[in-house]
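Student: Whenever a hint applies, use it, and build me the whole structure from the sequences.
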Amino acid sequence: MADVKPRIKLDKKEAKKGDLVEVKALVSHIMETGQRKDDKGNVIPRKILNKFSCTVNGKEVFSADFEPAIAANPYIQFKFKAQESGPVVLTWTDDDGSKIVGEETIKVS
Amino acid sequence: MTHNMTLRFNRRQALSIGAGAVGAMVLGETIVPAYAKNDTEELINKFTGGKQATPGKVKLDLPEIAENGNTVPMTVSVESPMTVQSHVTDVLVLADGNPRGGVVTFHFSPASGVAEANTRIRLAATQNIIVVAKMNDGSFYMDTKQVKVTIGGCGG
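Here the protein sequences line up with chains W and E, keeping their order.
Under the numbering used here, the residue at position 55 of the first sequence is numbered 55, and the numbers go up by one with no gaps.
Add 109 to a position in the second sequence, counting from 1, and you land on the number used in the numbering used here.
By construction, these hints were calculated from the structure, which means they are not laboratory data.
Bear in mind the structure is a predicted one, so any value in this text is a computation, not a measurement.
A portion of the hints provided could be inaccurate.
Said to hold, decoys possible - Think about it this way: if two alpha-carbon atoms lie no more than 30 Å apart in a straight line, the pair counts; the simulated DSSO-like pairs of lysine-lysine are: (1) W:Lys99 / E:Lys155; (2) W:Lys24 / E:Lys257; (3) W:Lys51 / E:Lys155; (4) W:Lys12 / E:Lys257; (5) E:Lys168 / W:Lys24; (6) W:Lys59 / E:Lys168; (7) W:Lys12 / W:Lys47; (8) E:Lys166 / W:Lys12; (9) W:Lys47 / E:Lys257; (10) W:Lys47 / E:Lys254; (11) E:Lys166 / W:Lys81; (12) W:Lys13 / E:Lys168; (13) E:Lys254 / W:Lys24; (14) E:Lys160 / W:Lys9; (15) E:Lys166 / W:Lys37; (16) W:Lys47 / E:Lys155; (17) E:Lys166 / W:Lys59; (18) W:Lys51 / E:Lys168; (19) W:Lys13 / W:Lys51; (20) E:Lys257 / W:Lys81; (21) W:Lys51 / E:Lys257; (22) E:Lys168 / W:Lys17; (23) W:Lys17 / E:Lys254; (24) E:Lys254 / W:Lys59; (25) W:Lys5 / W:Lys40; (26) E:Lys155 / W:Lys9; (27) W:Lys51 / E:Lys166; (28) W:Lys107 / E:Lys257.
Tutor: Below, the structure is given as structure tokens:
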């Protein structure tokens, strides 16, 4: 899954300290629920991204635990308060332990 | 003549469907969320530690009718100053008509600035969505909303 490239958009690249920055992120993933069966009647094993987190300058600003009820190709939108310039790192963790990572930068004046 | 009969039948059908829908609407307003369908109630109890969640402060934004239950946009926002003294820590979202109750848990902190998040969820059938927010002082707030799901988009 390492070749998956998440699409991340910040509503502003430069912000004043204390401003709210909106993050929108979309990642390709099947999000297999573990409830479906194949044509032979065997249950298709669950495979989802179960954890999402966002850090700004290494500090976590938002995270979420996903369940199978999250739609395929999970989309997430949230905000954080601009405090200091630095990398905005978004990480999704797969059931198999692999991670999908995307990065943007925010400039705070 | 056959044409005429077909028309009459359709009209009668349409009327009965209409009456049914009105009945469902009347019922829908008085119905208490049926948590018993899946593990929703257990998950709420686990989250709140048995404490009662007060209605209010939490806003759940969902379409009233979702044509496609595979991807339903959902926005949750919680009224809070989001300061170190007073902020939202966790928000649990549940669906009482899915095979399993859990949908998503959001974790906020004062660094979030605002307790608001949007994602897209899966809904198996027409059901209630329940959202419970945990504040840093240990209090809980909740909101519930019913979503009508028409899988296959047949418009019923």
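Student: Each hint should be assessed against the structure and marked as holding or not.
Tutor: Outcome of the hint check:
1. W:Lys99 / E:Lys155: holds (28 Å)
2. W:Lys24 / E:Lys257: holds (27 Å)
3. W:Lys51 / E:Lys155: Holds. Lys51 of chain W to Lys155 of chain E sits at ~19 Å (cutoff 30 Å).
4. W:Lys12 / E:Lys257: The hint is violated at about 36 Å.
5. E:Lys168 / W:Lys24: Within the cut-off at roughly 20 Å; holds.
6. W:Lys59 / E:Lys168: Holds, at roughly 27 Å.
7. W:Lys12 / W:Lys47: Not OK: Lys12 of chain W and Lys47 of chain W at ~33 Å, beyond 30 Å, violated.
8. E:Lys166 / W:Lys12: holds (28 Å)
9. W:Lys47 / E:Lys257: Holds, because 27 Å separates the two Cα atoms, which is no more than 30 Å.
10. W:Lys47 / E:Lys254: holds (28 Å)
11. E:Lys166 / W:Lys81: Within the cut-off at roughly 21 Å; holds.
12. W:Lys13 / E:Lys168: This hinted pair holds, its Cα atoms lying about 29 Å apart.
13. E:Lys254 / W:Lys24: Distance of about 24 Å is within 30 Å: holds.
14. E:Lys160 / W:Lys9: Not OK: Lys160 of chain E and Lys9 of chain W at ~38 Å, beyond 30 Å, violated.
15. E:Lys166 / W:Lys37: violated (40 Å)
16. W:Lys47 / E:Lys155: Cα-Cα ~25 Å, so holds.
17. E:Lys166 / W:Lys59: holds (27 Å)
18. W:Lys51 / E:Lys168: holds (23 Å)
19. W:Lys13 / W:Lys51: This hinted pair holds, its Cα atoms lying about 25 Å apart.
20. E:Lys257 / W:Lys81: violated (35 Å)
21. W:Lys51 / E:Lys257: holds (28 Å)
22. E:Lys168 / W:Lys17: holds (27 Å)
23. W:Lys17 / E:Lys254: With a Cα-Cα distance of about 36 Å, the restraint between Lys17 of chain W and Lys254 of chain E is violated, given a limit of 30 Å.
24. E:Lys254 / W:Lys59: Given pair Lys254 of chain E, Lys59 of chain W is violated - Cα atoms ~34 Å apart, limit 30 Å.
25. W:Lys5 / W:Lys40: violated (33 Å)
26. E:Lys155 / W:Lys9: With Cα atoms ~35 Å apart, Lys155 of chain E and Lys9 of chain W exceed 30 Å; violated.
27. W:Lys51 / E:Lys166: holds (26 Å)
28. W:Lys107 / E:Lys257: With a Cα-Cα distance of about 43 Å, the restraint between Lys107 of chain W and Lys257 of chain E is violated, given a limit of 30 Å.
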